[in-house]
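In order, the protein sequence lines correspond to chains A and B. So for the first sequence, the numbering used here puts the first residue at 1; every next one is plus one. So for the second sequence, the numbering used here puts the first residue at 1001; every next one is plus one.
Calculated directly from the structure, the hints in this document are not laboratory data. A couple of the hints might just be wrong.
[Claimed, not checked] List of simulated lysine to any residue pairs, SDA-like, C-alpha gap at most 25 Å:
(1) B/Lys1261 to A/Pro272
(2) B/Lys1046 to A/Glu298
(3) A/Lys612 to B/Ser1089
(4) A/Lys612 to B/Lys1077
(5) B/Lys1077 to B/Ser1089
(6) A/Lys612 to B/Ala1323
(7) B/Lys1261 to A/Glu298
(8) A/Lys120 to A/His607
(9) B/Lys1261 to A/Lys120
Please read these numbers as outputs of a predicted model, since none were measured by experiment.
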Amino acid sequence: MMAPLRVAAVSYLNALPLTAGLAQKSGVVLTEALPSEVARRLAEGEADVALLPVVAAAVLGDVAFLRGAAIGCMGAVESVLLLAECNPGEITELALDLASRTSVILARLLLKVRYGVEPKLVGLESAEAIAFVRGTRAAVVIGDLALEVSERFPRRLDLGAEWFSWTGLPFVFAAWCTYPQRVTAAQEALFHDARIEGLGARSALAERFSAASGLVRERVDTYLHTSIRYEFGVAEQAGLQRFFDESALHGFLPQAQVRLLDVERHRPSTPPNLDGILSRAAEGARLSVSDGERLFHEASLFDLGLAADMVRRRKHPQDVVTFIVDRNVNYTNVCTTSCRFCAFYRPVGHPEGYVLSREVLGQKLQEVVDAGGVQILLQGGLNPELPLTWYEDLFRWMKSTFRLGLHALSPEEILHLAALEHLSVRVVLERLRAAGLDSVPGGGAEILVDRVRRHIAKTKCRSDDWLGVMRTAHQMGLRSSCTMMYGTVDTPRERVLHLAKLRELQDETGGFTAFFCWDYQYEKGVRLAPGENGTLTYLRTQALARLMLDNIDHVGASWVTQGPGVGQVALRFGADDFGSVMFEENVVSSAGTSFRMNAATMEERIHAAGFKAVRRNVRYDWLTEPV
Amino acid sequence: MTAPTLATVSEKVRAGERLNAADALALFLEADILSIGQLANGVREKRHGNAAFFNKNMRLEVTNVCVASCLFCSFAKLEAHMPGAHTMSLAEAWHELEVRMDDPPGEIHVVNGLHPGLPFSYYEDLLSGFKRIKSDVHLKCFTAVEIHFFAQHYKMTVREVLERLVAAGLGSLPGGGAEIFAPEVRTRISDDKATGAEWLEVHRVAHAMGLKTNATMLYGHIETFEHRIDHLLQLRALQDETGGFQAFIPLAFHPDGNGMKNLPAPTAIDDLRTLSISRLVLDNFDHIKAYWVSSTPKIAQIALRFGADDLDGTIVHETIYHAAGSTSPQGLAYGELVRLIREAGRTPIERDTLYNIVREFAPNEVPEAAMKVRDRKANRHLAVVS
């Protein structure tokens, strides 16, 4: 017997005609979720077929569309609205519904092309988004909520109507997507049957929905019968392709093709050629997950390096490489997480566990000041014996005693404090900021795919939690870096998905300053076996990250893990930053990697790589003239 | 005529034309190291495809007593009574091979100081003793500087020295002692040993006798790019004449504990650049070797994409570079070398000293980064058994 087909779909009213019939089919397991989660499940292999928001299809790049069914509109759609008090051309800030990337990009595209504005984006939950609308602040609101609240706002743009008046084409919000070889012809037929059944049952569905939601029955009925279209024919495909093309032109999405699943051959039509991807990459165009994966597998070291170098040069035309004089201080090694790749931590009560005293910290900080350092990178284990007040006291003392920036506590530590104190992430961050926190380091990201995280660190936060802390920090105006540790059990595809997630959050917040990556540093005795940790893989991965992360300004070379030589070479593989001089770094050096560089040797290596050197702070402001 | 550029040099390389000094200088001054590497990689892949050679060898330095006083050397002790001076007895030297006979090296690579107090028979006995222990071991011993010293010290011609050593078991000459040929550099860093011309003459004689040899260049100290280029062109000219060189090995200067300790060491970018340019200029050399002891294994991996086709060997116990602060391991396990090569996406080929194939590994068809899980497992297995 065949394994059941795992189908993920959004739970919105407008999806019911496609999904209601499907739920009863044998051999199908239907799960419902928010659009971004539906996309995640397909991307990470937890679903075989998904009713996928079309932007997710473009970001992934290699999905195939099932024929015949989609959720779209021709003209007004009613449930995808831009709500405002002002005229569209006056909008300065746009709250976007985190759950719907397609509507957000459609809104940005329409505002840019038709009204000439590119408002600052603010990611909010739906309810908060509505409260956000005031003056020149607008919001994109979708789904059932949009139907309910639209009349409360003086200005509302129906994005379906706007699209139609611009292009004369239908718009497609979501469609059934899959990967080749996951769906048989018989299974594909189930989707057609379900659609026919669902369309016939729209009145009944409307009645049930209206009873449950309190919305006027006729309104729901009209919505399902008239506003939403469930076709995916030539016109819809043309509309979708136009949307993909316009979005790529304006840099919102990777260049994508609408490719239909050919069940006979079980594969979509020919993928784009490698040179095409490379030249788009070098020009700074947005790449899809599939593009990234292909580059990783197929592009030569030089192709990747030269393309990344070109992107680096375009973003940083002065041929300058920055570095920071700071110190990494690990305030405690006591940790409850027990990551399988970590050689640094000690469990609570272990005789080798430590918490640094003020005396020791003071001495370390004074050495940084004496060496002309500008910052402390403070990170540690998740020590349940240190309450939030301990950090607040420590931060206040540090800031009042030393003139040093405080780049402290990765998302995992923030989440730990929130759980320990029963506070929200926002409150923890606000209290820490009030005590002196300047910025948040991007450590602990590892690979932001939960399959990998579960394997390497069971109790570690989930991908969305990590991203959520960064979102909150960025919304509060705190900047952060971001990282990737690869080479454990992750696949190349999962690395690219990781990069795509960082890019997506950066689109929303713009809060990431820089990206660093390194491979898992294996040490004997640690419970996680070494993976694919070659030097060339590092250079390729960093170059690929430079190409994928088109919206992150800086990429740093991780010489601490790779060694000064490879770090220097990495400056020609897309990096424009050489990281930090190293006083100490306990976590990596307990895994057996130990390199040292001072400012003079750093500058020497930067020069020998053909660049000028500049000292920076955590915001990448230049503190010295290029030398 | 306009000065050469990366573009004109690339054109020449693609057309198979020989590069001149001005072309090489343009490459040394070009910032775009990736394009130079790509060019060298093209030449390298044309010659050797995806193969990367290595051998199972053993380095031995039987004496560090040396009459020469090279500024760059942290290894030599000038006189036999000085602290740290050491000369192995023949029995001690042979013992190094005897203890490894369960997994014997195919090659012994001996490099020494210029010891004034040993009889010539010491060297003959050293070689014949190794051969007694393992008759088919290849003896790649004594740099041209040592051969030249033997000729002077024991009052023989170079040819006589070589003939007696060959009779005792010598198989080929290593490439050390070349440093930088140009007299204005050489007289300042190593005034009291074979000159550049004398070094070349030893190799010329060896080649005429049918011995294969290697060549090196010690760069990154007080020499200029022009000196490096001159050095390469002199090697190329001799190779045109004799065809006796097998491999060229660029050696980075390491500053710790020697007379030039205040100079910065060349950086990885310079290492890769010099290696790539060597590959491009030395169009009549079969092999360019990335000596991992000098560059670190990580940079040697990158070098396999920047023109190098050989990683030297397991080495076992290197002391000269380590005296000058090298942070590389002193030796690498066989499986570790195979893994380094595989990780760089190349197909490992174990060779003997004369580049006959000893063992060919399955072709590494996967692009350089995308090693499949099963390959990684195979490698780990290898690392354990060897």
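Quick rundown of the hints versus the structure:
no., hint, verdict
1, B/Lys1261 to A/Pro272, "violated, 54 Å"
2, B/Lys1046 to A/Glu298, "holds, 20 Å"
3, A/Lys612 to B/Ser1089, "violated, 53 Å"
4, A/Lys612 to B/Lys1077, "violated, 41 Å"
5, B/Lys1077 to B/Ser1089, "holds, 17 Å"
6, A/Lys612 to B/Ala1323, "violated, 33 Å"
7, B/Lys1261 to A/Glu298, "violated, 44 Å"
8, A/Lys120 to A/His607, "violated, 38 Å"
9, B/Lys1261 to A/Lys120, "violated, 55 Å"
Taken one by one, the earlier hints fail for this structure at numbers 1, 3, 4, 6, 7, 8 and 9, listed in ascending order.
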